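End of the sequence shown = 140 in the working numbering, gap-free, step of one.
The hints are simulated quantities; they were obtained by calculation from the structure and are not laboratory data. Since we're looking at a predicted model, the values are computed, not measured. Glycine residues also receive a C-beta, built at the ideal position from the N, C-alpha and C atoms. One or more of the hints may lead you astray.
[As the list claims (entries may be wrong)] Computed beta-carbon distance windows for the label pairs:
no.	residue 1	residue 2	range
1	Ala84	Ile107	32 to 40 Å
2	Trp139	Leu99	57 to 65 Å
3	Leu78	Asp103	30 to 38 Å
4	Leu135	Ser101	48 to 56 Å
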Amino acid sequence: MALISVDIPLISADMALNRAEMALNSADMALNSADMALISADIALISADMALNSADMALNSADIALLVLTWL
Numbered sequence: 069m070a071l072i073s074v075d076i077p078l079i080s081a082d083m084a085l086n087r088a089e090m091a092l093n094s095a096d097m098a099l100n101s102a103d104m105a106l107i108s109a110d111i112a113l114i115s116a117d118m119a120l121n122s123a124d125m126a127l128n129s130a131d132i133a134l135l136v137l138t139w140l
């Protein structure tokens, strides 16, 4: 009987530690998801920047073409 009275609190403590570990794992997964969202947003911003650079290059090409045409 004495072993049972020692064993029950140990089992309860182990279960509490398991629940705490599960909570930490859930928090870690949430942080990983947030990190992935930030990486996706960063990629979207880089893509938008590249698109703006391409548009700027197209405008520069058109500007050069107009200068050549007016020079002729």
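Worksheet item: Would you say the C-beta atoms of Leu78 and Asp103 sit inside 30 to 38 Å of each other?
Response: This hint holds: roughly 37 Å between Cβ atoms.
Worksheet item: Is the distance from the Cβ of Ala84 to the Cβ of Ile107 consistent with 32 to 40 Å?
Response: 35 Å, holds
Worksheet entry | C-beta pair Trp139, Leu99: status relative to the range 57 to 65 Å that was hinted | 59 Å, holds
Worksheet item: Honestly, do Leu135 and Ser101 meet the 48 to 56 Å range at C-beta?
Response: Holds, since Leu135 and Ser101 (Cβ atoms, about 51 Å apart) stay within the stated range.
Of the numbered hints given earlier, the model fails none.
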